[in-house]
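Chemist: Generate the whole structure from the sequences, applying the supplied hints.
Chains as they are written, first to last, in the numbering used here: chain B, 1 to 262; chain E, 263 to 520.
Hint data in this document are derived by calculation from the structure and do not stem from the laboratory.
All C-beta atoms in this analysis are idealised placements derived from N, C-alpha and C, irrespective of residue type, glycine included.
Incorrect hints may have been included.
[To be verified] Computed list of lysine to any residue pairs in SDA-like fashion (alpha-carbon distance at most 25 Å, straight line): (1) E:K388 <-> B:M42; (2) E:K388 <-> B:T216; (3) E:K388 <-> B:R250; (4) E:K388 <-> B:T172; (5) E:K388 <-> B:Q155; (6) E:K388 <-> B:R256; (7) E:K388 <-> B:A253.
[Claimed, not checked] Quick partial rundown of chain E residues pointing at chain B, CB under 7 Å, derived from the structure: (8) D268; (9) Y273; (10) R329; (11) V336; (12) S344; (13) P347; (14) W348; (15) P358; (16) R361; (17) L364; (18) W391; (19) M393.
[Stated by the list, open to error] Distance windows between CB atoms, simulated: (20) E:D328 <-> B:V80: 36 to 44 Å; (21) E:R314 <-> B:L245: 43 to 51 Å; (22) E:S272 <-> B:T172: 33 to 41 Å; (23) E:D378 <-> B:A88: 35 to 43 Å; (24) B:G237 <-> E:D424: 14 to 22 Å; (25) B:S192 <-> E:R361: 38 to 46 Å; (26) E:I330 <-> B:M61: 53 to 61 Å; (27) E:G482 <-> B:T172: 45 to 53 Å; (28) E:D378 <-> B:V251: 27 to 35 Å; (29) B:Q155 <-> E:Q487: 44 to 52 Å; (30) E:E392 <-> B:A88: 48 to 56 Å.
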Amino acid sequence: MNVIRAVGRLWLVPVTLVVWEVATRAAEQPFFPPPSATLARMGEMWLSGPPAHLLLTEQAMDDFGPSLARLFAGWALAAVLGVAAGIAIGCSPRLSGYLDPLIHLGRAVPPPLLVPFFLALLKLSTPAQLTTIVFGIIWPILLNTIDGTRTVDRQHLETARIFGFSTAQRLTRVIVPAAMPKIFAGLRLALSLALILLIIAEILAGSGGLGYRLLTAQRTYLYTDMWGCLVVLGLLGYLLNSAFLLMERRVLAWHRNARQTT
Amino acid sequence: MLEITDLVHSYGSHRVLDGVSIRAAEGELVCVVGPSGCGKSTLLRSVAGLIRPTGGRVLIGGQPVDRIPDNLAVVFQDYSRSLYPWMTAANNVALPLRRRGLDRRRRREAATAALDQVGLADAADKYPWEMSGGMQQRVSIARALAYRPSLLLMDEPFGSVDAQTREDLEDLVLRVCAHHGMTTLLITHDIDESVYVGDRVVVLTRSPARVAADLPVGLGDSRDQIATRQLDAFVRLRAEVGRLVRGGSSTSTVLEKH
Ligand SMILES: Nc1ncnc2c1ncn2[C@@H]1O[C@H](COP(=O)(O)OP(=O)(O)O)[C@@H](O)[C@H]1O
Ligand SMILES: [Mg+2]
Chain B
1 MNVIRAVGRL WLVPVTLVVW EVATRAAEQP FFPPPSATLA RMGEMWLSGP
51 PAHLLLTEQA MDDFGPSLAR LFAGWALAAV LGVAAGIAIG CSPRLSGYLD
101 PLIHLGRAVP PPLLVPFFLA LLKLSTPAQL TTIVFGIIWP ILLNTIDGTR
151 TVDRQHLETA RIFGFSTAQR LTRVIVPAAM PKIFAGLRLA LSLALILLII
201 AEILAGSGGL GYRLLTAQRT YLYTDMWGCL VVLGLLGYLL NSAFLLMERR
251 VLAWHRNARQ TT
Chain E
263 MLEITDLVHS YGSHRVLDGV SIRAAEGELV CVVGPSGCGK STLLRSVAGL
313 IRPTGGRVLI GGQPVDRIPD NLAVVFQDYS RSLYPWMTAA NNVALPLRRR
363 GLDRRRRREA ATAALDQVGL ADAADKYPWE MSGGMQQRVS IARALAYRPS
413 LLLMDEPFGS VDAQTREDLE DLVLRVCAHH GMTTLLITHD IDESVYVGDR
463 VVVLTRSPAR VAADLPVGLG DSRDQIATRQ LDAFVRLRAE VGRLVRGGSS
513 TSTVLEKH
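Modeler: Have a look at this one:
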């Protein structure tokens with residue numbers, strides 16, 4: 001049953017590929033290479049290395065290594081800052097009174113516009129890139145954490161008061177777990193945003209990585225290379241999201257099950 | 263043990279408690295019964311220190327309640343929101359025991375023992391959503407027991423379970439409260455239940471709440487769901503409480519003359 005349903009949902013992928021292949025071959029436009037050519041080029045660029053390196057080429061290391069490192073570093077940094085600040089703001093009406101306007105102002109600024117500013121401020125490109133990513137993705141984490149922290153069930157908080165939980169206990173055993181579903185929703189959104197901002201940051205302040213490769217391919221009219229980069233970015237986004245969902249399902253098992261039964 | 267004197271509370275200009283006085287002796291189980299919305303939860307929340315009443319005084323063991331006392335436990339009505347769904351039953355029961363200075367192993371032992379007392383020895387590692395409503399309410403009771411409070415407050419603890427489970431839980435509460443000699447204030451809107459469970463029944467009037475009557479139950483120590491409810495004394499008291507809850511005046515003096 002499940003297999004049939006999965007196949008039923010997946011049929012659109014090969015059909016699209018075939019239609020695309022036929023159309024691009026017929027059109028013979030250099031800007032739209034057929035998918036088969038793109039795939040072949042991707043293999044050549046990244047997966048024709050020695051077996052000892054899992055077939056990864058040196059170029060793959062150069063393209064993916066720094067990009068993934070920046071992506072995860074930026075995301076982790078934003079997660080730590082966003083969750084910590086979000087809990088503090090969510091728990092303190094005074095703090096949120098002061099910071100709410102700033103948050104909404106900050107959130108409204110398009111992060112790419114700030115790259116030149118961060119570059120001027122931080123000189124080196126990696127800190128500037130990280131800052132761009134963090135600045136661009138911290139908002140959903142921050143806002144969701146604030147929201148999750150503020151909407152903890154009143155009875156859960158009263159139970160903590162009745163049984164005299166310490167501040168640390170209240171935070172780690174009640175508030176954070178209760179806010180976790182919303183925090184995770186923010187983290188997931190931030191992960192997909194991080195990929196976008198990574199590419200923007202690498203294009204605008206780049207010295208390597210996938211975004212830089214994309215830019216140089218475009219500038220030197222290597223359209224197949226460019227398409228390869230686009231495809232691999234799509235795959236990367238899909239993989240990251242799936243991996244995150246897998247983790248979320250484990251960590252938030254109680255939430256899924258509690259919702260099903262009540 | 264518990265002295266509530268002239269308790270007054272208003273939400274804004276809406277007066278809910280209008281001079282309520284209730285006393286409970288050490289080890290006594292007092293039922294407070296009143297119509298829905300008359301202010302029973304407000305009364306309990308004032309005693310627990312969760313809200314500061316507009317006027318009046320609450321003493322627990324001679325101490326005024328100015329913040330939440332550390333020798334008090336509460337069982338709430340809504341079991342689905344009273345346990346933490348991200349923790350197993352044993353962890354829900356054990357968590358408050360940190361305050362008692364027990365190490366991890368001792369907390370676990372105390373939790374297991376309390377779960378055993380409420381008949382849930384096998385459910386220690388289950389999550390709330392893996393349990394029925396009655397089981398969750400038992401865990402709530404176990405959590406209160408393990409905490410070893412001198413005063414136990416219960417706000418319509420059996421209000422959201424089916425009839426059979428309700429009877430089981432009533433007997434469970436009677437058993438464990440007697441066993442621990444805990445002073446207990448049990449709030450209910452169920453007349454039958456108040457007479458069955460209480461050593462004394464305090465009847466509140468419709469909002470704003472005042473004490474309409476304070477009746478000793480006097481059915482002895484042993485209760486049986488079927489036999490006790492058939493006793494003449496039970497039937498008469500239930501009728502009396504019923505009249506009072508509906509706003510009638512006490513007829514006990516009349517009854518005694520006959
Ligand atoms: N936090 C609150 N703010 C304002 N009014 C409240 C609040 N809590 C309860 N009330 C009102 O006080 C009255 C008594 O409520 P409550 O104590 O919950 O009654 P009961 O538990 O007997 O049903 C009700 O009319 C209710 O609407
Ligand atoms: Mg109530």
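Chemist: Would the hint on W391 of chain E be counted as holding, given a Cβ-Cβ threshold of 7 Å to chain B?
Modeler: 4 Å, holds
Chemist: Could you grab the alpha-carbon distance between K388 of chain E and M42 of chain B and see if it respects the 25 Å cut-off?
Modeler: Not OK: K388 of chain E and M42 of chain B at ~50 Å, beyond 25 Å, violated.
Chemist: Indicate whether the distance between the beta carbons of I330 of chain E and M61 of chain B respects the range 53 to 61 Å.
Modeler: Holds, since I330 of chain E and M61 of chain B (Cβ atoms, about 59 Å apart) stay within the stated range.
Chemist: Let's test the interface hint: is any C-beta of chain B closer than 7 Å to that of W348 of chain E?
Modeler: 4 Å, holds
Chemist: Do the numbers back the hint for R361 of chain E, that is, is its least Cβ distance to chain B under 7 Å?
Modeler: Interface hint status for R361 of chain E: holds (5 Å vs cutoff 7 Å).
Chemist: Do S192 of chain B and R361 of chain E keep their Cβ atoms within the hinted range of 38 to 46 Å?
Modeler: Once the Cβ atoms are compared, 43 Å apart, the range 38 to 46 Å for R361 of chain E and S192 of chain B holds.
Chemist: With a cut-off of 25 Å on the C-alpha distance, tell me whether K388 of chain E and T172 of chain B pass.
Modeler: Holds - the C-alpha atoms of T172 of chain B and K388 of chain E are around 21 Å apart, at most 25 Å.
Chemist: Given the hint that K388 of chain E pairs with R250 of chain B, test it: the Cα-Cα distance must not exceed 25 Å.
Modeler: It holds: about 16 Å lies between the C-alpha atoms, which stays within 25 Å.
Chemist: K388 of chain E and A253 of chain B were given as a pair; does the straight-line alpha-carbon distance stay at or below 25 Å?
Modeler: 13 Å, holds
Chemist: Quick one: are D378 of chain E and A88 of chain B within 35 to 43 Å, going by C-beta?
Modeler: Given range 35 to 43 Å: holds, Cβ gap about 41 Å.
Chemist: Would the hint on M393 of chain E be counted as holding, given a Cβ-Cβ threshold of 7 Å to chain B?
Modeler: 9 Å, violated
Chemist: Against chain B, run the beta carbon of P358 of chain E and see if the smallest gap drops under 7 Å.
Modeler: 4 Å, holds
In terms of the numbered hints stated before, the structure departs from hints 1, 2, 8, 9, 10, 17, 19, 24, 29 and 30, listed from lowest to highest.
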